[in-house]
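*Asks:* If you read the protein sequences in the order shown, they are chains A and B.
The opening residue of the first sequence carries number 0 in numbering that gives the first Met the number 0; numbering runs sequentially from there.
The opening residue of the second sequence carries number 0 in numbering that gives the first Met the number 0; numbering runs sequentially from there.
Just so you know, the hints here were simulated from the structure itself, not pulled from any lab data.
Among the clues, some could well be false.
[Stated by the list, open to error] Not the full set, but computed from the structure, chain A residues with beta-carbon under 7 Å of chain B:
| no. | residue |
| --- | --- |
| 1 | Ala61 |
| 2 | Pro73 |
| 3 | Leu102 |
| 4 | Tyr159 |
| 5 | Ala220 |
| 6 | Ala282 |
Where is the CB? At the ideal position from N, CA and C, for every residue including glycine.
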Amino acid sequence: MSILVDKSTRVITQGITGEYGKLHTLACRDYGTKIVGGVTPGRGGTDVSGIPVFDTVSAAVAKTRANTTMIFVPAPFAADAVQEAAEAGIELIVCITEGIPALDEARMKRAVTAAGARMIGPNCPGIISPREKAKVGIMPGFIHRPGGIGVVSRSGTLTYEAVWQLSSRRLGQSTCIGIGGDPVIGTTHIDALKLFQEDPATDAILMIGEIGGTAEEEAAAFVRDHVTKPVVGFVAGRTAPPGKRMGHAGAIIAGGKGTAAEKMAAMRDAGILVAESPADLGATMVEALARGPRRRKVVAKPAAKKSAAKKSAAKKGVAKKAAARKPAAKKSAKKASAKKAAKRVAGGRKK
Amino acid sequence: MKLHEFQAKGRFAAAGLAVPRGIVAKKPKQVGKAFKKLGSPLAVVKAQIHAGGRGKAGGVKLVRSAEEAEGVAKALLGKPLVTPQNAPEGTVVRQVLVEEGLPILKEYYAAVLLDRRAEAPVLMVSAEGGMDIEEVAATRPHAILREVIDPVAGLYDFQARRLVYQLGVPADLVRGFTSVLKGLAQVFQRDDASLVEVNPLVTTTDGRVVCLDGKMTLDDNALFRHKDLQALRDESEEDPTELKARAAGLSYVKLDGNIGCLVNGAGLAMATMDIIKLEGGEPANFLDVGGSASAEQVKTAFSIILEDPNVKGILVNIFGGIMRCDIVAQGVVEATRALGLQVPLVVRLHGSNMEEGRKILADSGLEITAAKDMGDAARKIVKAVS
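Starting from the given sequences, assemble the full structure and let the hints guide the process.
*Replies:* Next up, the structure:
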């Protein structure tokens with residue numbers, strides 16, 4: 000099991016005849032992904048190393064029953080490509096392209112949502128489910144190993160670093176998603192957390208954020224209220240100066256907001272185990288697994304009826320209670336369940 | 000990419016919005032002439048630099064005669080202006096905008112920016128114009144009114160009207176005010192801006208709604224479809240090293256420390272800066288060579304890092320995915336030789352072809368310290384520079 004992509008995922012590549020499109024499509028196929036076709040307007044009827052190329056996404060879907068697309072189309076045309084995929088009934092749109100205008104991203108997001116599809120990215124490394132041999136993205140496949148850690152991150156290479164730290168500790172991954180570093184993205188931290196919480200193959204979650212915006216704070220609140228699995232967090236950019244864009248369009252501290260310190264504090268308040276150093280991502284996950292489940296799931300029903308004011312007051316109470324409960328839970332649960340969980344994750348799940 | 004006030008006002012005027020009559024001048028004499036030409040008993044001389052907070056820093060002055068205007072211009076032109084928002088050494092004023100004074104009835108605030116949570120642009124207005132809007136947002140958030148703009152259809156008339164009535168704009172100015180708000184939303188969308196801000200937006204006693212100030216930032220990712228706007232870039236306002244990096248396809252931000260960093264990927268680059276700090280060092284820069292840098296780009300990256308005289312050591316942290324470690328190693332060796340590198344260099348390579356990469360470094364005969372992981376790399380470079 001995994002989230003969003005698995006053995007049955009049927010993938011096409013939009014922009015398959017470009018240098019990167021071709022390179023990564025073939026790397027995905029080598030990894031085991033079911034690549035069923037590609038799209039480049041004007042190249043319909045040809046093939047790329049045996050992969051049939053179509054002029055339009057509709058034609059590709061009609062012929063191949065593709066349900067997922069990986070987009071390498073250059074930034075000026077990427078929004079159109081995303082919209083084309085959404086209209087053609089593609090369910091999962093993984094947009095690798097970087098440098099897309101922010102207004103185009105806002106339009107893309109609306110079109111994808113209206114079509115009932117899901118987008119990952121843009122400006123992201125994509126998604127991989129190691130046990131399912133499904134890789135829809137540009138990440139190096141060999142650093143991953145099958146297992147029970149779900150990884151969600153705004154970064155590319157920092158995610159590889161995190162995955163490698165996990166794999167070298169024999170902590171395999173259920174699915175890793177790079178959600179992208181732009182201001183407007185398809186799948187958010189919260190979307191991924193929700194999926195990982197519901198996924199029986201995921202035992203624990205590693206969430207990597209960056210400076211800028213408030214997505215990490217919102218994700219932390221979601222973890223506090225809805226996630227029972229152990230969660231490890233990290234936020235890159237604690238040394239970033241305010242007002243400067245750090246590579247990613249979304250990575251900027253604006254008006255004093257979006258600092259790493261605020262985000263890490265929000266994570267800690269939510270009971271997330273925060274790695275202080277990017278060198279400790281794997282080690283912190285080992286510690287989180289040893290601690291065992293975060294706590295029992297909060298029943299959503301009564302909370303929904305409360306007024307907004309009451310809710311925030313109640314939330315504070317819950318957080319306090321959770322904090323108070325932690326040491327006790329640690330004592331009782333630590334040895335038995337933690338050991339079991341660590342073992343399970345370490346060995347991966349055998350079929 | 001930031002625009003100057005006079006450039007932003009040019010964009011506003013092109014969209015049919017009212018702005019004060021004004022003349023840009025680069026010499027004090029021209030400023031005196033401009034005052035006479037405007038023929039207004041009261042004028043304002045405004046320093047044209049990209050940093051905000053000019054008023055508080057003395058960069059905006061009211062003048063009542065050509066002589067006074069010239070005097071103010073003399074005091075401003077060619078000298079650095081230090082505002083609360085720019086670097087401690089300030090920004091040299093190269094031009095000023097001379098504008099007619101207006102009979103102001105009331106000052107408002109209006110801005111359009113991309114709201115990440117709404118995943119769309121929002122129009123923000125406030126009746127508390129002329130103030131520091133961040134302070135208003137912090138202390139009286141209800142004084143700021145918002146409408147989310149449909150990224151496809153744009154701002155609807157009713158949304159603009161709703162804001163205008165909420166602001167309590169006098170009846171005779173409602174139409175004019177509504178069309179100004181619509182115009183600002185149009186400028187934002189048409190020019191692919193990331194920020195359009197007018198503070199203050201004023202009503203006048205003679206019944207007009209005028210953009211008294213103007214601030215605009217354009218989305219760099221969208222400049223490819225705005226050839227005309229590219230010409231508005233003022234490179235003298237930007238850090239020359241950052242400009243050079245951008246031309247080479249690298250993302251560079253200068254910092255205050257002494258350890259230069261060369262990393263692939265923005266997230267890993269930030270994390271590398273963080274770990275240097277955690278180990279007791281100070282990063283000299285953020286530098287992302289991108290996902291697929293060539294040996295040549297690695298070389299350029301080295302020369303950019305070394306332009307900073309504070310750099311006492313360099314840390315290279317590469318996690319090869321698309322990028323192959325052997326190619327990076329080749330670039331590192333070439334750059335070290337070509338630039339005659341004098342400072343300690345610690346290299347951490349991991350990922351695709353890492354064994355080949357490490358071998359190239361080891362066989363080069365150069366003084367390159369290899370590191371086994373990020374933590375090891377940070378400790379080694381911090382020790383080397385201290």
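*Asks:* All the hints need checking, so say for each whether the structure fits it.
*Replies:* Going through the hints against the structure:
| no. | hint | result |
| --- | --- | --- |
| 1 | Ala61 | violated, 27 Å |
| 2 | Pro73 | violated, 10 Å |
| 3 | Leu102 | holds, 6 Å |
| 4 | Tyr159 | holds, 5 Å |
| 5 | Ala220 | violated, 13 Å |
| 6 | Ala282 | violated, 10 Å |
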